[in-house]
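With the numbering used here applied, the sequence shown covers 1 to 322.
No lab work stands behind these hints, which were simulated from the structure alone. Note that CB positions come from ideal geometry on N, CA and C, so glycine has one too. Watch out, some of these pointers could steer you wrong.
To be verified - With a straight-line cut-off of 25 Å between C-alpha atoms, the simulated BS3-like cross-links for lysine-lysine are:
#1 Lys262 / Lys250
#2 Lys298 / Lys280
#3 Lys280 / Lys262
#4 Lys141 / Lys195
#5 Lys298 / Lys256
What the hints assert, rightly or not - Now the in silico label distances, taken between C-beta atoms and shown as ranges:
#6 Thr117 / Ala311: 34 to 40 Å
#7 His132 / Met317: 50 to 56 Å
#8 Glu284 / Gly15: 36 to 42 Å
#9 Leu164 / Ala26: 32 to 38 Å
#10 Lys250 / Ala302: 22 to 28 Å
#11 Arg135 / Pro49: 53 to 59 Å
#12 Arg42 / Ala260: 43 to 49 Å
#13 Thr184 / Ala260: 36 to 42 Å
#14 Ser57 / Glu162: 18 to 24 Å
#15 Ser57 / Lys250: 54 to 60 Å
#16 Val134 / Ala5: 50 to 56 Å
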Amino acid sequence: MSASAPLVLCVPSKGRLQENANAFFARAGLDVVQARGARDYRGALAQLPGVEIAFLSASEIVGQLAAGTAHLGVTGEDLVRESVPDVNARLELLTPLGFGHANVVVAVPEAWIDVATLHDLEDVAAAFHARHGVRMRVATKYVNITRRAFAAHGVSDYRIVESLGATEGAPAAGQAELIVDITTTGATLRANALKVLDDGVLLRSQANLVASLTADWSPHAREMARQILSRIAAEETARTTRQLNVVGMKIDAVAKAQLAEKFDASFAGGGEMEINAPLKHVAEVADWLLAHGAAEVKVSQAESIFSAQNALYVQLMARLPA
Numbered sequence: 001m002s003a004s005a006p007l008v009l010c011v012p013s014k015g016r017l018q019e020n021a022n023a024f025f026a027r028a029g030l031d032v033v034q035a036r037g038a039r040d041y042r043g044a045l046a047q048l049p050g051v052e053i054a055f056l057s058a059s060e061i062v063g064q065l066a067a068g069t070a071h072l073g074v075t076g077e078d079l080v081r082e083s084v085p086d087v088n089a090r091l092e093l094l095t096p097l098g099f100g101h102a103n104v105v106v107a108v109p110e111a112w113i114d115v116a117t118l119h120d121l122e123d124v125a126a127a128f129h130a131r132h133g134v135r136m137r138v139a140t141k142y143v144n145i146t147r148r149a150f151a152a153h154g155v156s157d158y159r160i161v162e163s164l165g166a167t168e169g170a171p172a173a174g175q176a177e178l179i180v181d182i183t184t185t186g187a188t189l190r191a192n193a194l195k196v197l198d199d200g201v202l203l204r205s206q207a208n209l210v211a212s213l214t215a216d217w218s219p220h221a222r223e224m225a226r227q228i229l230s231r232i233a234a235e236e237t238a239r240t241t242r243q244l245n246v247v248g249m250k251i252d253a254v255a256k257a258q259l260a261e262k263f264d265a266s267f268a269g270g271g272e273m274e275i276n277a278p279l280k281h282v283a284e285v286a287d288w289l290l291a292h293g294a295a296e297v298k299v300s301q302a303e304s305i306f307s308a309q310n311a312l313y314v315q316l317m318a319r320l321p322a
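Input sequences plus hints: build the corresponding full structure.
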């Protein structure tokens, strides 16, 4: 790859995932464009001409990243964990994106009233084998995730039936005794008289921004990644924090230390003290300040918060060769 070759960013090619991915980049001030319309499988970021967009299916994106033919991509963690055995050597999951939520779960027939955990499942599997002379069948598209999770819980007396269709229907059709499948609400499982084991959530998945560790990271590609990740980090920080302006109170070093320790708050100087606090702690920080002498606490949200310490870029560079 030449030094000026574009950074390749893979985005889902259709459906809700594409809409959510485009909206995610737009919030970061990066507009995904398809020059010749929806049937064009190549595009660009309007603000960064050194980036090429590849529109692919979520599973194809994982393959491109693992092969090193793309630098960055948006895809589901479930596909990453299932498709890439040596994931930690090939890929870096930079940040979850807040959409595409789904869980990979172990589900058994509701009639199995004595089976509530994976530990119970091993006992059932042994009894099934002794009674029928064959191993208990598990229908799934998630073969690798299933094998790793079952091995970790000591479940060994089973065999995989790879599912090509509606996995949740396999037990009722007599094709398997239980399933490992992905679900968002669990409604389809319940409709098929299945229940998720108490410890049966094997992976809480969502869309992630993923980086390839085997791609050709030229200086140009690294600079494009720095600019992309800087904007994403600035939007993420603004979305997950609020700015509190404190009136009528001088916050000394002891108070600053307490707020930082209790609520992970950070500070800027001034007559009216400005505090950046995680969204989940805003009400607690305001209550603490009012209880310690503040006359008023004003809460606002920034559109973006850029930092000299680009945490996402630092995370990526730590995984790439110098």
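Now for the hints, and whether the structure bears them out:
{"no.": "1", "hint": "Lys262 / Lys250", "result": "holds (18 Å)"}
{"no.": "2", "hint": "Lys298 / Lys280", "result": "holds (16 Å)"}
{"no.": "3", "hint": "Lys280 / Lys262", "result": "holds (12 Å)"}
{"no.": "4", "hint": "Lys141 / Lys195", "result": "holds (18 Å)"}
{"no.": "5", "hint": "Lys298 / Lys256", "result": "holds (18 Å)"}
{"no.": "6", "hint": "Thr117 / Ala311: 34 to 40 Å", "result": "holds (37 Å)"}
{"no.": "7", "hint": "His132 / Met317: 50 to 56 Å", "result": "holds (55 Å)"}
{"no.": "8", "hint": "Glu284 / Gly15: 36 to 42 Å", "result": "holds (39 Å)"}
{"no.": "9", "hint": "Leu164 / Ala26: 32 to 38 Å", "result": "holds (36 Å)"}
{"no.": "10", "hint": "Lys250 / Ala302: 22 to 28 Å", "result": "holds (24 Å)"}
{"no.": "11", "hint": "Arg135 / Pro49: 53 to 59 Å", "result": "holds (56 Å)"}
{"no.": "12", "hint": "Arg42 / Ala260: 43 to 49 Å", "result": "holds (46 Å)"}
{"no.": "13", "hint": "Thr184 / Ala260: 36 to 42 Å", "result": "holds (37 Å)"}
{"no.": "14", "hint": "Ser57 / Glu162: 18 to 24 Å", "result": "holds (19 Å)"}
{"no.": "15", "hint": "Ser57 / Lys250: 54 to 60 Å", "result": "holds (57 Å)"}
{"no.": "16", "hint": "Val134 / Ala5: 50 to 56 Å", "result": "holds (54 Å)"}
Violated hints are absent here; each numbered hint is respected by the structure.
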